[in-house]
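Asker: Quick mapping for you: the protein sequence lines, in order, are chains D and E.
Counting in my numbering, the first sequence runs from -2 upward without gaps.
Counting in my numbering, the second sequence runs from 251 upward without gaps.
It should be emphasised that the hints constitute simulated quantities derived from the structure, not laboratory data.
Think of the CB as a built atom: it goes at the ideal place given N, C-alpha and C, for glycine as much as any other residue.
Some hints here could point you the wrong way.
What the hints assert, rightly or not - Counterexamples of contact, computed for chain E against chain D with all Cβ distances above 10 Å: (1) Leu264; (2) Leu272; (3) Leu302; (4) Leu341; (5) Leu343; (6) Gln346; (7) Pro347; (8) Leu351; (9) Phe365; (10) Thr376; (11) Arg415; (12) Ser447; (13) Leu478.
Unchecked claim - Label pairs and their computed distance ranges (CB to CB): (14) D:Ser130 x E:Leu422: 36 to 42 Å; (15) D:Ala193 x E:Pro347: 38 to 44 Å; (16) D:Glu169 x E:Leu422: 30 to 36 Å; (17) E:Leu281 x D:Ser130: 38 to 44 Å; (18) E:Arg414 x D:Gly110: 38 to 44 Å.
What the hints assert, rightly or not - Here's a subset of chain D near chain E, in silico, CB distances under 10 Å, partners left out: (19) Pro51; (20) Gly55; (21) Gly65; (22) Thr66; (23) Ala70; (24) Leu75; (25) Asn82; (26) Arg103; (27) Arg115; (28) Pro125.
Here's the letter readout for the chains.
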Amino acid sequence: MHQLSADNLQLWRGDTHVLRGISFSVKGGECLQITGANGSGKTSLLRALCGLTPLDDGRICWRGIDIGTDPAAYHAELAYLGHDNGLKGDLSAAENLRYAVGLRRRVSRADIGAALMRAGVDAARGIPLRRLSAGQRRRVALARLSLMDAALWLLDEPGSNLDAAGQLLLAELLESHAGAGGVAVVATHQALELPASAQRSVSLQ
Amino acid sequence: MSAARTGFLAAAALLAARDLRLALRRAGDSLLPLGFFLVITTLFPLSLDPSLSLLRDIAPAALWVGALLSSLLALDLLFRDDGQDGTLEQLALCGQPFAGLLLAKTVVHWGLTGFPLVLVAPLAATALGAPTAAMPGIVAAVLLGTIALSLIGAVGAGLTLTLRRNGSLLALLVLPLAVPVLIFGARASALAIAGESPAAPLYLLAAFSVLAATLAPWALAAAVRIGLE
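Input sequences plus hints: build the corresponding full structure.
Answerer: Next up, the structure:
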């Protein structure tokens, strides 16, 4: 059973106490929404959950094992989508996915085509990404997320720049991820359109 | 959920292919350090007395200062774009050994900006009046030297990843560490031009490159991780 748990997370940035004793636990099939005002530490929390930012105190466990024990094995199971899409502007959507996903698992052209189709950016697959709109780039990043085959999704404002249809796509992705027993942690202001039973939330002050 | 994981070597090859493709799309950026090296080394013969003995005396210095500055100029290309668009973060989180991936990036970087210097070194050396017999020694020295310079420079580029105006600090950080390469590279070239055996400084350069290749990936991974915090 997949489970991500955080216990009393503490993080200081200079003189600012960013994370003040955050604790939560999410199981497979659940989606944790992190809410909070701008600057309340949502991104810091997500980056700490990725293992990118070392904590001052507290413990993060994935399936009961501290994430610092074997970071590579933990990273192989997680997919992170940050403010930046992590896509190359000089490569096309299809090339971006081939390289980004290929680093983790074998992926066929047909899979990539299907993911782009589902994300609604199929028409732009051969165009360098810097010529696409911000919303289209976000959709390509969501297509990458769906291909990564990761059990844990850590998403930072995944709905930014997306139109109404894009929000719907995001909700669909989250629902099928939860349906497959995956865990998702999402920092966002918008309400997630998910069944209440699958949704949890934590608020940062 | 872990069906058909990519092995490390396949991942490193894929990353190398990606970087080559990106460099190809930005051929101007990748060729800039090479052009810089050629311009510096050919400006010396143009601005000095056309006396062969004087040229030969300064040839090693001109070659190596040119190679050093050119490699410094090239370092900006190594992590800047990947750091800005978030792909470096994705690399750190892809579950592959990070030090290995960064080493693969550095090897490609050397292939694009260091190896071309090896190819044109005979040309630049000829412009500086070096005899044909000196070419094997000079080429070997530039080959070993650029490898070490790329590896040392990569660590500096990793450390200055998050700094806004990182160019000047990068130079301050990398140039002192590159001094041994400069000394032994210039010495090997000088011996080769004088018609003597450059073996001793070449061995030292080779040792330095091996040491850099052994230690740099770990230092690099640690430096870039700090930058990503």
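Asker: So, for every hint listed, does it hold in this structure?
Answerer: Comparing the hints with the structure gives:
At roughly 5 Å from the closest C-beta of chain D, the C-beta of E:Leu264 falls inside 10 Å, breaking its exclusion from the interface. Not every C-beta of chain D lies more than 10 Å from that of E:Leu272, the closest at about 6 Å, which undercuts listing it as non-interface. At roughly 46 Å from the closest C-beta of chain D, the C-beta of E:Leu302 stays outside 10 Å, upholding its exclusion from the interface. Interface exclusion of E:Leu341 from chain D breaks down, the closest Cβ pair being 7 Å apart, not more than 10 Å.
At roughly 5 Å, the least C-beta separation between E:Leu343 and chain D is not larger than 10 Å, which violates its mark as non-interface. Under the 10 Å C-beta cut-off, the non-interface status given to E:Gln346 relative to chain D is violated; the minimum distance is some 6 Å. Under the 10 Å C-beta cut-off, the non-interface status given to E:Pro347 relative to chain D is violated; the minimum distance is some 7 Å. Listed as a non-interface residue, E:Leu351 fails to keep its Cβ farther than 10 Å from every Cβ of chain D; the least gap is roughly 8 Å.
The beta carbon of E:Phe365 is kept farther than 10 Å from every beta carbon of chain D, the shortest such distance being approximately 22 Å. No beta-carbon of chain D comes within 10 Å of the beta-carbon of E:Thr376; the shortest separation is about 36 Å. Distance check for E:Arg415 against chain D: the nearest CB is about 21 Å away, which clears 10 Å, and the non-interface claim stands. E:Ser447, annotated as away from the interface, keeps every beta carbon of chain D farther than 10 Å; the closest lies near 46 Å.
For E:Leu478, the shortest C-beta to C-beta distance to chain D comes to about 5 Å, within the 10 Å cut-off, and the non-interface label is violated. In this structure the hint that D:Ser130 and E:Leu422 lie 36 to 42 Å apart at CB holds, the actual value being about 41 Å. Between D:Ala193 and E:Pro347 the Cβ separation comes to about 42 Å, which falls inside the hinted range of 38 to 44 Å. Separation of D:Glu169 from E:Leu422 is about 52 Å and departs from the stated range, judged on CB atoms against 30 to 36 Å.
A hinted range of 38 to 44 Å is violated for the C-beta pair E:Leu281 and D:Ser130, which are about 32 Å apart. At about 40 Å, the beta-carbon gap between E:Arg414 and D:Gly110 stays in the expected band of 38 to 44 Å. A cut of 10 Å between beta carbons decides the hint on D:Pro51: the least distance to chain E is about 7 Å, and the hint holds. Using the Cβ-Cβ criterion of 10 Å, the hint placing D:Gly55 at the interface with chain E is not satisfied: the shortest such distance is roughly 16 Å.
At a threshold of 10 Å, the smallest CB-CB gap from D:Gly65 to chain E is about 13 Å, leaving the interface hint violated. The beta carbon of D:Thr66 is not positioned within 10 Å of any beta carbon in chain E (closest approach about 14 Å), and the interface hint is therefore violated. With its C-beta approaching chain E no nearer than about 7 Å, D:Ala70 sits inside the 10 Å limit, and its interface hint holds. At its closest, the beta carbon of D:Leu75 sits 7 Å from a beta carbon of chain E; the interface hint therefore holds under the 10 Å criterion.
Hint status for D:Asn82: holds, given a least beta-carbon distance of 6 Å to chain E, under 10 Å. Evaluation of the D:Arg103 hint against chain E yields a held restraint, the C-beta minimum of about 4 Å falling below 10 Å. With a least beta-carbon distance of about 19 Å to chain E, the hint placing D:Arg115 at the interface is violated under the 10 Å criterion. The beta carbon of D:Pro125 comes within 8 Å of a beta carbon in chain E, closer than 10 Å, and the hint placing it at the interface holds.
Checked against the numbered hints listed earlier, the structure breaks hints 1, 2, 4, 5, 6, 7, 8, 13, 16, 17, 20, 21, 22, 27; every other hint is satisfied.
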